[in-house]
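K.L.:
Residues per chain are reported as follows:
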Amino acid sequence: MLNLLGDLGAWGLQALTRLGRAHLLLLAMLRGLLEILRRPRLLVDQLYSVGVLTLLIIGVAGLFVGMVLALQGYNVLSRFGGETALGFMVAASLVRELGPVLTALLFAGRAGSALTAEIGLMKATEQLSGLEMMAVNPEHRVLAPRFFAGLIAVPMLAALFSCLGVLGGWMVGGGLLGVDQAAFWNGMQDGIDFNDDIINGVIKSLVFGFVCTWIAIFQGYDCVPTSEGVSRATTRTVVHSSLAVLGLDFVLTALMFG
Amino acid sequence: MEKSPADNREEPLVRIRGLRFRRGERWIFDGLDIDIPRGAVTAIMGPSGTGKTTLLKLIGGQLVPDEGSIEVDGQNVHALSTAELYRLRMRMGMLFQSGALLTDLSVFDNVAFPLREHTRLTESMIRKLVLLKLEAVGLRGARDLMPAELSGGMARRVALARAIALDPMMIMYDEPFTGQDPISMGVLVQLIRQLNDAARLTSILVSHDVAETLQIADRVYVISGGRVIESGTPAELAESGGEWTRQFIQGLPDGPVPFHYPAPPLADDLLQGAVC
Amino acid sequence: MNRKRQIEIWVGVFMAIGFAALFLLAMKISNLGTAYSGELFHVTARFDNIGGLKVKAPVTIAGVEVGRVQEIRYDPDDFRAVVVLGIQDQYLGKIPDDSFAKILTAGLLGEQYIGIDPGGSEDTLKEGSEIGITQSALVLEEVIGQFIFGKSQEGAGTE
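Chains as they are written, first to last, in my numbering: chain B, 247 to 504; chain L, 275 to 550; chain E, 33 to 191.
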């Protein structure tokens, strides 16, 4: 019994110190913003690996999700003679939920795990240590640009996801299922409010981008610097990010639409 | 801040006093005293696991000792502010065991990296400096290769060129000879000696490769169990009566450092297994 | 064209696509593109029962949207609902003040909205004026209830 309590205590303390280290890292990265403003070039390189390389998977996923939404939505709505609400339904689910959430999940899988692996390997091969000895702060020079690139990229990717989703929904709804085009677009524009839906969706994806990138960078920076440690950290990144995104989505939805 | 080398020629560049450092429960250093003289190659030797790399990280200020002090060029490394520490590090070079080259930059960009970070030189100046440094390690022709395309020895030479890019006052070598074939080992031995003498650097060499180290070192410290157990010139060490040193230098399998990891007698162990 | 430049171009493409997507979301998918963002004037109307009318429901004349419902509250003094309509400024002085406001339903089960039938008065609706004649929402249960009640009355009469 005492042993169990002791284990619980040790585990709690460990979790707390990890959390503390994660926040110190966050502070250091935020301070790194100064250096990025001085040398925006650092950000450009990271936007490429975090944003451009994730573009394709986000685009394809968005298109297909929109198409599926239209098919399923049509089945349900046509029972009540409500096919005209298809545009609204597709767009609302995308803009409010699926766009930000699925983008964040895909981002964690594609860009987040790559970030963790890259930083973990840099640590394992003493590159971060080497930078420190060259009087270069790796938190500012290496980690901060990646963090801010993630923060910028995720909302853009989420917007792209939603746009392509609506396009996919329109292709299936308007093209395949023969829903009236004007009703599709008008219903959508009537139902989706800029402030309530679009802005809230963008806020969601900003929060998700922040959390996913932070987790990915922290896991890489804090990993055991061996090949096993890096591969574990990569797994942890995907698991932690996904859970954090889904949990936060509930909280944010309750706050915004509750 | 910076003293001219003339007025403190006799002062050691690095002075370590009463250094204690602990990792978990184990004391890695337990009262270490070392003086690194200016302009010489000082080797620190000892078996694996004695924390030789840790010592270099302590000197570079990446780790903080539990007790004791480390002074580099008259400054207590661990009492400096971050900005001062970074300024001091610009005058230190360090060669990591793996080279620690930035994998996404070419050889040229790796060597240019510290120059671009810390100086405001024009690109053409940087180009000249980088080519000179690469020439010094014999790899001017390899400037467009990526680190993944280099052999271990070449990577270490590129890292060396990068370490001397800012013309530091000292270079720390972490196990420079490990895992090298005889030729690149010879090249590295020669390079370390040449750089030390030509650029009037101070070199600190951490290694357990006895033959190569004794070949180039001016002064050797042997550490074990967290303390210095012998020091002197290579010649003095070779004739040393210390049992431990003899075992280490001649590579005897058994001696003061036992072949067996501490364990109860074999017979007891076997019998106990049978009971269970 | 070196690699640095290629990366820059790709990042440029990425940023352009991202901004275009955000712009499309705002202008094509949400109501920002269609919403009337000019000045409004406010008119109140009282209803016995507003049914499922919601804030932001359209206000129409002859089926054309002229404004939106701005506010709905309950007035405990006369037990009626007070609905504030925000009407586009361009119609100021063009809607007779004896107009008739009724709550209508788009389709059988659709959203509820307000339709205004213009009256014949010389005076017009201004900021703060009230529409006197209103018709409440059609509540399906009541209609069905009345229908059944009427039928049973009919049956009783013929007997």
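Read the hints as simulated data drawn from the structure, not as lab findings.
None of the values given here were measured: they were computed from a predicted structure.
Ideal placement from N, C-alpha and C gives every residue a C-beta, glycine not left out.
Accuracy of the hints is not assured; some may be wrong.
Stated by the list, open to error - From chain E, some residues computed to sit far from chain B (all C-beta separations above 10 Å):
hint, residue
1, 40
2, 42
3, 62
4, 63
5, 88
6, 93
7, 155
As the list claims (entries may be wrong) - Here chain E is said to cover these stretches of chain B; the calculated rule only asks that three of the stretch's residues, wherever they fall, bring their Cβ under 8 Å from a Cβ of chain E:
hint, region
8, 282-296
9, 397-406
K.L.:
With reference to the structure, classify each hint as holding or not holding.
P.N.:
Consistency of the hints with the structure:
With a cut of 10 Å on Cβ distances, residue 40(E) falls inside the contact zone with chain B, its closest approach being about 6 Å. The beta carbon of residue 42(E) sits about 5 Å from the closest Cβ of chain B, which is not more than 10 Å, so the claim that it is off the interface is violated. Taking the minimum C-beta to C-beta distance to chain B, about 4 Å, the non-interface status of residue 62(E) is violated against the 10 Å cut. The claim that residue 63(E) is not at the interface with chain B is violated, since a C-beta of that chain comes within 10 Å of its own (minimum 5 Å).
Listed as a non-interface residue, residue 88(E) fails to keep its Cβ farther than 10 Å from every Cβ of chain B; the least gap is roughly 8 Å. Listed as a non-interface residue, residue 93(E) keeps its Cβ farther than 10 Å from every Cβ of chain B; the least gap is roughly 18 Å. The claim that residue 155(E) lies off the interface holds: its Cβ sits roughly 33 Å from the closest Cβ of chain B, which is beyond the 10 Å cut-off. Under a criterion of three residues with beta carbons nearer than 8 Å to beta carbons of chain E, the stated coverage of the region 282-296 of chain B is upheld, 4 such residues being counted.
Chain E is given as covering the region 397-406 of chain B, and this holds because 6 residues of the stretch bring a CB closer than 8 Å to a CB of that chain, at least three being needed.
When each numbered hint is compared with the structure, violations occur for hints 1, 2, 3, 4 and 5.
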